[in-house]
Amino acid sequence: GAGVSQSPSNKVTEKGKDVELRCDPISGHTALYWYRQSLGQGLEFLIYFQGNSAPDKSGLPSDRFSAERTGGSVSTLTIQRTQQEDSAVYLCASSFPDRGREQFFGPGTRLTVL
Amino acid sequence: QKEVEQNSGPLSVPEGAIASLNCTYSDRGSQSFFWYRQYSGKSPELIMFIYSNGDKEDGRFTAQLNKASQYVSLLIRDSQPSDSATYLCAVNGDYKLSFGAGTTVTVRA
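Protein sequence lines correspond, in order, to chains U and E.
For the first sequence, position 8 (counting from the first letter as 1) is numbered 8 according to this note's numbering, and the numbering increases by one without interruption.
With positions in the second sequence counted from 1, the corresponding number in this note's numbering is that position plus 1000.
What the hints contain is simulated information worked out from the structure, not anything from laboratory work.
Yeah, the Cβ is synthetic: ideal placement off N, Cα and C, and Gly gets one too.
Certain hints may be false.
[As the list claims (entries may be wrong)] Facing chain E, according to a computed beta carbon distance under 7 Å, are these residues of chain U, among others:
hint, residue
1, G42
2, L91
3, G100
4, E102
5, P107
[Unchecked claim] Which residues of chain E face chain U? A partial, calculated answer using Cβ under 10 Å:
hint, residue
6, K1042
7, L1088
8, D1094
9, G1102
10, T1106
11, V1107
[What the hints assert, rightly or not] Cross-link-like lysine-lysine pairs, in silico, DSSO-like; alpha carbons within 27 Å at most:
hint, chain 1, residue 1, chain 2, residue 2
12, U, K57, U, K11
13, E, K1042, U, K57
14, U, K17, U, K57
15, E, K1042, U, K11
16, U, K57, U, K15
17, U, K15, E, K1042
18, E, K1056, E, K1067
19, E, K1042, E, K1056
The whole structure should be built from the sequences, with the hints applied where relevant.
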């Protein structure tokens, strides 16, 4: 079946603009995760969804970051008033709902803030 | 102390040799352990997962877990040039994954 898809694959924006990143998980995966990978920082967790609820938002770096999920499927990560330090690859992963299950990653969105 | 630590690279091995990658973790409550392979410019690809103490083999890959020592490793046998990549150790104690910094492996022909 199809894997996790993300769009856009690349996004270049100007400092201060808002951006929306989209993730479409593997069919049947009710758990969805957002991570961020930047040079020198490794891969860091941002937020976790189970269905449409987000039990863990602990990794969101500031209140400029928000995410939602609708219909238990597609998720959108929104970054308001982007800053240069937001430049990174944003990765989405999905899994079955059980604790500790394997997570499969999408291709990522490379965000560049000028 | 970082939650997940991997042996520093880069690691260079000749084609056909065994590549050995190590990872330690700090949270004793961790339940599941993963190895991801990441090619340059690509997203992480799951290659192995292990939940119980001992060894788990899948083709040329063997994962080893020792929960008492909080240690997990990955062996790549008969290394091929296509194995050249960064390998990420990931640990899951709840729902989110905690990643190590990665070890870059280069297999030289």
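Against the structure, the hints:
{"no.": "1", "hint": "G42", "in the structure": "5 Å, holds"}
{"no.": "2", "hint": "L91", "in the structure": "6 Å, holds"}
{"no.": "3", "hint": "G100", "in the structure": "4 Å, holds"}
{"no.": "4", "hint": "E102", "in the structure": "5 Å, holds"}
{"no.": "5", "hint": "P107", "in the structure": "5 Å, holds"}
{"no.": "6", "hint": "K1042", "in the structure": "7 Å, holds"}
{"no.": "7", "hint": "L1088", "in the structure": "7 Å, holds"}
{"no.": "8", "hint": "D1094", "in the structure": "7 Å, holds"}
{"no.": "9", "hint": "G1102", "in the structure": "7 Å, holds"}
{"no.": "10", "hint": "T1106", "in the structure": "19 Å, violated"}
{"no.": "11", "hint": "V1107", "in the structure": "23 Å, violated"}
{"no.": "12", "hint": "K57/U - K11/U", "in the structure": "23 Å, holds"}
{"no.": "13", "hint": "K1042/E - K57/U", "in the structure": "25 Å, holds"}
{"no.": "14", "hint": "K17/U - K57/U", "in the structure": "23 Å, holds"}
{"no.": "15", "hint": "K1042/E - K11/U", "in the structure": "16 Å, holds"}
{"no.": "16", "hint": "K57/U - K15/U", "in the structure": "24 Å, holds"}
{"no.": "17", "hint": "K15/U - K1042/E", "in the structure": "26 Å, holds"}
{"no.": "18", "hint": "K1056/E - K1067/E", "in the structure": "14 Å, holds"}
{"no.": "19", "hint": "K1042/E - K1056/E", "in the structure": "26 Å, holds"}
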